[in-house]
Amino acid sequence: MRIAYYPGCTLKLTAQNLEAAALASLRALGLVVEELPRWNCCGAVASLAEDDLLHQVAPVRDLVRAAERGADRLLTLCAPCYNTLARANRLMAEDEEKRKTINLFMEEEPDYAGQVKVVHLLDFLRDDLGFEALATKVVRPLTGLKVAPYYGCMLLRPKRVAIEEHPTLLHRLLAALGAETVDFPAMTDCCGAYQILGHEAMALDASAAILRSATRRGAQALVTSCPLCDYNLGARQPDLRDRHGDLPELPVYYFTQLLALALGCAPEALRLDLSPPGCRRLLAERGAIAAAT
Amino acid sequence: MSTNATVENLVPIFIMGKRYEVPETFTIMKAMEHTGYKFLRGCGCRGGVCGACSAVYRKAGDYHIRSGLACQTVVEPDMYLAQLPFYPALRQVYDYATTEAAAAAVFALYPELFRCVACNACTKICPMEVQVMDYVAALKRGDILQAAEQSFDCIQCGLCASRCMGELPQYHIAQVARRLAGGKLKPRAQHLADMLAAIQTGRFGDALADLRRADKDRLRTLYEQRELEPEMTGEEWRPQATVGL
Numbered sequence: 001m002r003i004a005y006y007p008g009c010t011l012k013l014t015a016q017n018l019e020a021a022a023l024a025s026l027r028a029l030g031l032v033v034e035e036l037p038r039w040n041c042c043g044a045v046a047s048l049a050e051d052d053l054l055h056q057v058a059p060v061r062d063l064v065r066a067a068e069r070g071a072d073r074l075l076t077l078c079a080p081c082y083n084t085l086a087r088a089n090r091l092m093a094e095d096e097e098k099r100k101t102i103n104l105f106m107e108e109e110p111d112y113a114g115q116v117k118v119v120h121l122l123d124f125l126r127d128d129l130g131f132e133a134l135a136t137k138v139v140r141p142l143t144g145l146k147v148a149p150y151y152g153c154m155l156l157r158p159k160r161v162a163i164e165e166h167p168t169l170l171h172r173l174l175a176a177l178g179a180e181t182v183d184f185p186a187m188t189d190c191c192g193a194y195q196i197l198g199h200e201a202m203a204l205d206a207s208a209a210i211l212r213s214a215t216r217r218g219a220q221a222l223v224t225s226c227p228l229c230d231y232n233l234g235a236r237q238p239d240l241r242d243r244h245g246d247l248p249e250l251p252v253y254y255f256t257q258l259l260a261l262a263l264g265c266a267p268e269a270l271r272l273d274l275s276p277p278g279c280r281r282l283l284a285e286r287g288a289i290a291a292a293t
Numbered sequence: 294m295s296t297n298a299t300v301e302n303l304v305p306i307f308i309m310g311k312r313y314e315v316p317e318t319f320t321i322m323k324a325m326e327h328t329g330y331k332f333l334r335g336c337g338c339r340g341g342v343c344g345a346c347s348a349v350y351r352k353a354g355d356y357h358i359r360s361g362l363a364c365q366t367v368v369e370p371d372m373y374l375a376q377l378p379f380y381p382a383l384r385q386v387y388d389y390a391t392t393e394a395a396a397a398a399v400f401a402l403y404p405e406l407f408r409c410v411a412c413n414a415c416t417k418i419c420p421m422e423v424q425v426m427d428y429v430a431a432l433k434r435g436d437i438l439q440a441a442e443q444s445f446d447c448i449q450c451g452l453c454a455s456r457c458m459g460e461l462p463q464y465h466i467a468q469v470a471r472r473l474a475g476g477k478l479k480p481r482a483q484h485l486a487d488m489l490a491a492i493q494t495g496r497f498g499d500a501l502a503d504l505r506r507a508d509k510d511r512l513r514t515l516y517e518q519r520e521l522e523p524e525m526t527g528e529e530w531r532p533q534a535t536v537g538l
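Same order as they appear, the protein sequences are chains G and X. Going by our numbering, the first residue of the first sequence is number 1, and it counts up by one from there. Going by our numbering, the first residue of the second sequence is number 294, and it counts up by one from there.
This is chain X alone, in the form it adopts within the complex (with noise of 0.2 Å):
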């Protein structure tokens, strides 16, 4: 194998204003550890899923600010980053189990949410192209299930919050809206409790009895023979297995 490793592209990018040199195919989060930042903290899972790395760009001769997550997103020449890994935004301590799913308990939780203007710029920077304004707008007008629904993408990395000139914490309003919705309003999955209750009342005992019992090449067959769902399959799927079923 040949020790003359290709040399890639090179582009240039500025890190708070300082300029580096950076292969063309790194992640913003790559180019910065490349350039000699260590991430102790705000580097999260590293696959797009956490939020904790949010950077905030503008590329050359453009006024839009631009976002993106910094480990999923690619450098660009003369891109201008930071990253901004945290934003600091209110959360409101409550009691789930007493508060009603009801306007009016959020708007007690949080009533700043009075204090948007829908001028937008959290839609606008969310990495995650959630509608972060119109589910604001869905919760002012008591819409606990749209924004719910709205916001469902959100990964709590912060921007929306960092942008908005009411100083709204919108994504820890959101999280209030889907704790409220999931929980309280809407239907309870009765497959859900008919397996909890199956669950509890014995039901898997012997066949997990039998597993515990098994030794290694019979875990090994069991765990090879065992039945996947196809990939692609409609819902009428239904497993050939019955063990305790």
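Isolated chain G (complex conformation) (with noise of 0.2 Å):
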């Protein structure tokens, strides 16, 4: 069993965060993973026209790589790249007639037939730790900590790809850390995603009755395992609020950042200088961090 890590090209920038409390996790943990030595960006989103198999190539040619390094798994940590590597996956596995367009057109590659399964943290850390031997590794749980799990589109649409069918994966995580996991009718909606670019007002009040459906039930925290989510729901909180001035502040972090902390890894490694000042506040209040880390 080969598992080759595919990080993405927003972990290498905007969300290095996410990936450098991911790495941290799985050396806590034990669990090598490899990135892989060549990759290239995934293609960001999965594209939705039937024909359209130039934008599979991109996806597709990262699976070949982790082929051709021996592996059967491709671990992901951003939703948006396993959803577009999931997508492209199951295609080269199940339209022949696809698949054999894909692999002549890019003939300077090894042909593939969809043989590396795509995982993503979650999954991986159910399937090869389990929930229950996670618990057992936490050395400062987040006792008392009441953390919305919010999934969100990606690792769950369309459900062909979805990491589950019913999200319980970021419940059962946070449980095992410690936390009181905090259930929100909002918790599958979508945050608005890139049209926070083309109609960003549409999208802030997307990503606002997110927030606003979290603390309505009490949420102190939410946690997202995609960067744009993220953006969305953390990085532009302040203009959500301009909009929406009656709702409190509520800090996002990656699912990784509260592992890597119960985990008992160095609090530098959950990068909270790339995450809204929030969330150093919130974890410094609770003393899980010392306020200047």
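These are calculated hints, taken from the structure and not from any lab test.
Across the chosen pairs, the derived CB separations fall in these ranges:
#, chain 1, residue 1, chain 2, residue 2, range
1, X, 458, G, 130, 40 to 48 Å
2, G, 140, X, 400, 35 to 43 Å
3, G, 140, X, 384, 48 to 56 Å
4, X, 477, G, 16, 19 to 27 Å
Quantities reported herein were computed from a predicted structural model and do not represent experimental measurements. Even glycine gets a Cβ: it sits at the ideal position worked out from N, Cα and C.
Combine the two chains into a complex, taking the hints into account.
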């Protein structure tokens, strides 16, 4: 069983906190993963046009890279990368005609037929460690912290690439870390995604509805696995509160940051310098980290 | 000496669709000149270094487009070819001193980076076997150092740009990466700074004045006796001469 790790571009740029915390956590858990020595952008969003095979080339090339390393699984952290790669993989496994066309176009690469399984860190933790075992590794439990597990779209839709049919993995992870999970109706709603560029007000309203839903249920924090959700819900919170003044501040973390914290990783591994200031403040108030870390 | 020069074996080639017979040992460039083409530009160094003479060709019965430097690539029978000495590509002007060696600066100069769909046509055409698509991928994730490293062999012939469906000027982007890496990201060479300082403080003044006074015979002797680094030697090699050092 070989696992190839695919970071994705955003994790090397604006979401370095998602990656740093994940890698520190995996080290703490003794799960060794190796980054692919060669990889390209996954394409960022899956193409929705049935016949747009050109935009399948980028994710398929990454899958080929994993296959040629002898990996049987490709591990992702970023929800959009997971989604894009998993969808391209299904296409290659299931659509013979398109598989032939893509393989012919990419003739400089070995033929690929969907043999590498695309996994996300959440199902990787479930399958390779298990949440009960994870709970035993927690040295700094998040006792009393009320966290809203926000799944968004990319881990669950479309159903054929969902990491699970009904969203439970973030709940189970947070419970294993000792946190109190806060169920909220908007946990699988869309944050507005890329509409933040073209239809800003609409996206801000979509994100505000999610934050409102979580805070109404008493959440003190929200976790995501998606850099775009993190941007819309977290980095853009000041703009969002300009439009929705009654909305209280809600720290938005990558789930890997709370994982690393609970596993006793060095606070620097959380890269809170890349998160909105409220994220550090909440943890400092709880005494989980020093105020200046 | 015999005046009957040996007639070399001739092979048929097609230059821009027209059939010619040329000696089989000729390069594409020589073959084209042999058939009457005259290169005023687009022939550069003729030594496989400058990248001015890129050529594209197909072999008989093969759909692949191939490439090579016209001055280096030997003709093959039934080769269909054309020289493509220049391909227009946008080269941005920027102020090096104020340009930060960061992903955002490269993205601002060349936002078309994100039109790459990883089709790999650039890598496949590169006559220097540079992993062009890979360095574009590295730049998209902000890895300027890797892009600089991976594009090091680029001779800026422009064939990558000619094949790009995203209309990227890859070779110009790579040059920005190498300049930023070389001047702003890689460690400074301390020995260079030390030597410059030594020169500026006149450390070699006497030795140079001595050379200026030397007559032709003495210059010849000095030249013939100069110490050369052996072709095969380890990093620990140091010159015996200590003039000025």
